[in-house]
Amino acid sequence: MTASILENLNDIFQNYFDDEDIQLNSTTTAADIDDWDSLAQVGLVISIEKKFGLKFTSAEIEQLSNIGEMVDLINEKS
Amino acid sequence: MDKHPLDYPWDFEDLFMQTRRFLKRREELCQHSGTPQQARVQIIGGYTTDILENWIHIFAAYYGVELTLDTSDWGAAFSLAGNVNSLDQVDMILCLNDHRDLIIAGKRNHSVIGSDLVMSQISDLITRCGDHGVAISMTDFCIPQAGPPSGGQQASIAQVASDLNMFLQQQAQKHPLLNVLSLNQFSALSEEPLTATLRNWYQFGHTLSVAGSIVMAQAVARHLAFLKGLGKKALVVDLDNTLWGGVIGDDGVEGIELGQETPRGRIFSDIQSHLLRLKERGVLLAIASKNNEDIAREAFDHPSSILKWSDFSVHKANWEPKSSNIKDIANHLNIGLDSLVFIDDNPAERAEVRTHLPMVTIPDCGENPEDQLAALLMLDPFSQNTPLTKEDLLRNNSFQDNSKREQLMKDTADPTLFLKKIGTTVHVSPPESHEYARCLQLTNKTNQFNLTGHRLTQQEFNQIIADPLQDIFVARISDTFGDYGLTGVMYIQRKGSHAHINNWLMSCRVFSKTAEHAMFKAVATFLQDKGITSFSAEFIPLAKNRKFMYLLSDLGFSQIEDDKNNTDEPMAFELEHHVSQTLSAITHYCEIIV
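Just so you know, the protein sequences line up as chains W and L, in that order. Each residue of the first sequence is one higher than the one before, starting from 1 at the first, in my numbering. Each residue of the second sequence is one higher than the one before, starting from 1 at the first, in my numbering.
What the hints contain is simulated information worked out from the structure, not anything from laboratory work. Possibly wrong hints are sitting among the right ones.
Here are the simulated PhoX-like pairs of lysine-lysine, each with C-alpha atoms no more than 25 Å apart in a straight line [stated by the list, open to error]:
| # | chain 1 | residue 1 | chain 2 | residue 2 |
| --- | --- | --- | --- | --- |
| 1 | L | Lys24 | L | Lys3 |
| 2 | L | Lys327 | L | Lys547 |
| 3 | L | Lys3 | W | Lys51 |
| 4 | W | Lys50 | L | Lys24 |
| 5 | W | Lys51 | L | Lys24 |
| 6 | L | Lys495 | L | Lys420 |
| 7 | L | Lys24 | L | Lys233 |
| 8 | L | Lys3 | W | Lys50 |
| 9 | L | Lys308 | L | Lys279 |
| 10 | L | Lys233 | L | Lys547 |
| 11 | L | Lys233 | L | Lys174 |
| 12 | L | Lys327 | L | Lys279 |
Coverage of chain L stretches by chain W, computed from C-beta distances (three or more under 8 Å per stretch; other residues unrestricted) [unchecked claim]:
| # | stretch |
| --- | --- |
| 13 | 10–19 |
| 14 | 199–212 |
| 15 | 577–586 |
Just so we're clear, the structure is a prediction, and the values are computed from it rather than from any experiment. No residue lacks a Cβ here, since even glycine has one placed at the ideal position from N, Cα and C.
Assemble the whole structure, with the sequences as input and the hints as a guide.
See the structure below:
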C-alpha cells in the first residue's frame with residue numbers, strides 16, 4: 001500500500017515540478033527539492049488531495065515534516 | 001483534432017496539475033502569428049494569489065500577451081489602493097475584492113466596515129487610473145451565504161457587499177476604463193465552487209478555489225488581450241439546434257422550438273437575445289449553416305424569433321464544408337480568422353472547423369444549448385463590458401451598406417467609374433478630444449493597414465497630444481451608402497522642416513476607395529502650408545500589413561536602398577524632392593474636407 005502511495009506521490013511531484021528526475025523516498029524533505037517553497041507546498045497539498053480524494057486539516061498540513069509522514073497520513077486517511 | 005486544454009470547457013484538476021509545465025512553456029502557447037504584445041499588470045488585494053498569477057501568465061501567453069505582473073501586499077484591496085504610488089508603465093490594475101475585506105477581525109467587537117468608506121477608496125482609485133489612462137479590472141464582492149468569519153454578522157456583510165456590487169456596476173457605466181469581473185456571475189455559470197474552502201482561506205490565504213483562479217485568470221487575460229488589440233470581432237453561428245430547437249428543413253417554421261412556451265424554447269430565446277446584445281455592441285454576426293438559404297431564412301419569420309436575417313452581416317447557408325464557409329466569412333468581413341468565434345451544437349462540425357482552422361475560437365461544450373450560452377458568458381470573448389465608440393455602433397451598418405456597394409460595383413464595369421459614383425468623402429483634421437478614445441482604439445486594434453505595428457498606452461497617447469513637435473491627424477470617412485466614422489489616424493513627428501510618419505492606421509473597412517491617398521494628400525498639404533518640405537516613413541513588415549509597401553511607392557515615396565535586401569526587415573522611405581508636384585500627382589476619387 002505505502003509503496004503505491006509513494007509511487008503516486010512521485011508522479012504528482014514530477015508533474016507538479018515538471019521534473020522527471022525527482023525520486024522521492026520516505027526521508028525526502030522540502031530542502032531536497034529546489035523549487036519546493038511555501039507556495040509549492042500549497043499546490044502540492046491541493047494536488048495530493050485531488051489525486052487521492054481526501055482532505056487534510058490545517059493541523060495535519062503543519063505537522064508534516066517529510067515524505068514518509070505524508071505517505072503515512074495518506075494511508076491513514078484513505 | 002482535439003481541443004487545446006486551455007480552450008473552454010476546462011478540466012480544472014488536470015490544468016492545475018500541469019501548472020508548471022504550461023508556465024515554463026508559455027512562449028510556445030501563443031495562438032497568434034507575430035510577436036506577442038507586452039503588458040504590465042499591478043495586482044491589488046486578493047491575499048495569496050500565486051495560483052491566480054500563474055494562470056494569468058499562462059492564459060495571457062495563450063492569447064498573445066507577454067506579461068509583467070506585480071503582486072500585491074497582503075490586505076484588503078480597497079485599503080491598499082492608496083499605496084499604489086506609480087501608475088507609470090502600468091496597463092492594468094487588477095483589484096481583487098473579497099467580502100472578508102469588509103470585516104475588522106480579531107477584536108472583541110467584530111465590526112463590519114461601512115460601505116461609504118470602501119466606496120470612497122474605490123472611487124479614488126478609479127479617478128487616479130482614469131487620469132493616467134490605466135485600465136482597471138475589479139472583482140465584485142462575493143455574497144457570503146453563511147459561515148464565519150462574521151461574529152454573527154452575515155446579514156450585514158451581505159448587505160454591504162451587495163451595496164458595493166451595485167456601486168461597482170454604476171461606476172462601470174460611467175468609467176470606460178473600469179471592467180467589473182463578476183465572481184457572482186461566474187459562480188452562477190460554474191458547476192464547481194469558485195471560492196476557496198475555509199481550510200484554504202485559513203491555511204493558505206486563498207480567496208478563490210483552483211477552479212475560481214483559472215476562471216478569473218482567463219477573464220483577466222481575455223480583457224488584457226482585448227485592450228492590446230487581440231480581441232475577437234465576429235461571432236459565426238450555426239442555425240439548427242444552435243439558434244432554435246429542431247431542423248428548419250424538416251420541421252418547418254411551425255415545428256421549430258423557440259420562445260417562452262417550452263424550456264428549450266426559452267434557452268434559444270436567451271441565446272438570440274444575447275447575440276442581439278453583442279450585435280448592438282458592434283460584434284459582427286455571421287451564419288455558417290448546412291441548409292438551403294431560402295429555407296433557412298424562413299425560420300427568422302417565426303413569431304418568437306428575436307433575431308432577423310438582416311442582423312447577420314454574412315449568410316453562408318449551403319452544403320460546403322463549414323471551414324471553407326468560415327474562411328469566406330473572414331474574407332468578406334476583411335478580418336483575420338483569429339478574431340472569429342464559432343458556435344455549433346454539432347461536435348463533428350466543430351471538429352471539422354478546428355482541424356482546418358485552429359486559430360478560430362470554438363467553445364467545445366457538448367450539444368446542449370444552455371452550455372453554448374454558458375460558454376459565451378463565461379468566456380466573454382467580446383469583452384462586452386467595455387465601452388463602445390461611435391464606430392463600434394456603426395460597424396454593423398457599415399457591413400450591411402457593403403452589399404449595396406457590392407451591387408453598384410457589379411453594375412459598374414469600370415472600377416474608376418465605381419469609385420467616382422460611390423462619392424467617398426474624407427474629412428481630415430487633428431482629432432477632437434472626444435475622438436481620442438477612438439484614435440487609441442484604432443491604433444491598438446488595426447492589424448492590416450498598420451505602418452509599424454506599434455501600439456500605444458493611454459499615457460503614451462497623452463504625451464503625444466501634449467508634445468508640440470508631434471501631430472495627430474484623423475480621417476472621418478463616408479460615402480453615399482453610409483458613414484464609416486473615424487477610420488484613419490496618422491501620427492507625425494516634426495523636426496525643422498521635415499515630417500516623419502511615426503505611424504499610420506486605417507480601418508480595413510475603408511480599403512480600396514483611395515481614401516488613404518486622399519488622407520495623405522490632405523495631411524501633407526496641410527503640413528506643407530506650415531513649412532514642411534520633406535517627409536519620411538519607416539515601414540515595419542508584420543504578418544498582415546504588406547499592402548503598405550506598395551502604398552508608400554504609390555504616394556511617391558522612394559525606398560532608401562540598403563544592401564540587406566531582406567523584405568522582413570524595417571524599410572525606410574522618403575519623399576524629399578518635387579514634393580508639390582508629387583502631391584498633386586496623387587490620384588484619388590474622394591472629396592477632401594479639411
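Each hint, compared with the structure:
Note on Lys24(L) and Lys3(L): the hinted pairing holds, with a Cα-Cα distance of about 21 Å set against a maximum of 25 Å. Between Lys327(L) and Lys547(L), the direct Cα distance comes to roughly 20 Å. Compliance with the 25 Å bound is thereby established for this hinted pair. As the CA atoms of Lys3(L) and Lys51(W) are separated by approximately 23 Å, the hinted pair is consistent with the 25 Å bound. Taking the CA atoms of Lys50(W) and Lys24(L), the gap is near 23 Å; set against the 25 Å cutoff, the hint holds.
With a C-alpha separation of about 23 Å, the suggested pair Lys51(W) and Lys24(L) falls inside the 25 Å cut-off, and the hint holds. Between Lys495(L) and Lys420(L) the alpha-carbon distance is near 37 Å, which puts this suggested pair outside the 25 Å criterion. Under the criterion of a C-alpha separation no larger than 25 Å, the hint pairing Lys24(L) with Lys233(L) is inconsistent with the structure, at around 30 Å. A hinted pair counts as satisfied when its Cα atoms are at most 25 Å apart, and Lys3(L) with Lys50(W) qualifies at roughly 23 Å.
Annotation: proposed proximity of Lys308(L) to Lys279(L) holds, straight-line Cα distance about 12 Å (limit 25 Å). A hinted pair counts as satisfied when its Cα atoms are at most 25 Å apart, and Lys233(L) with Lys547(L) qualifies at roughly 21 Å. At most 25 Å may separate the alpha-carbon atoms for a hinted pair to count; Lys233(L) and Lys174(L) meet this at roughly 24 Å. A threshold of 25 Å between alpha carbons decides the hint, and for Lys327(L) with Lys279(L) the separation of about 21 Å falls inside it, so the pair holds.
Only residues whose beta carbon comes within less than 8 Å of a beta carbon in chain W count, and the stretch 10–19 of chain L has 5; three or more means the coverage holds. For the stretch 199–212 of chain L, the stated coverage by chain W holds: 7 residues have a C-beta nearer than 8 Å to a C-beta of that chain, and at least 3 were required. Given as covered by chain W, the stretch 577–586 of chain L fails the check, having 0 residues with a CB less than 8 Å from a CB of that chain where 3 are the minimum.
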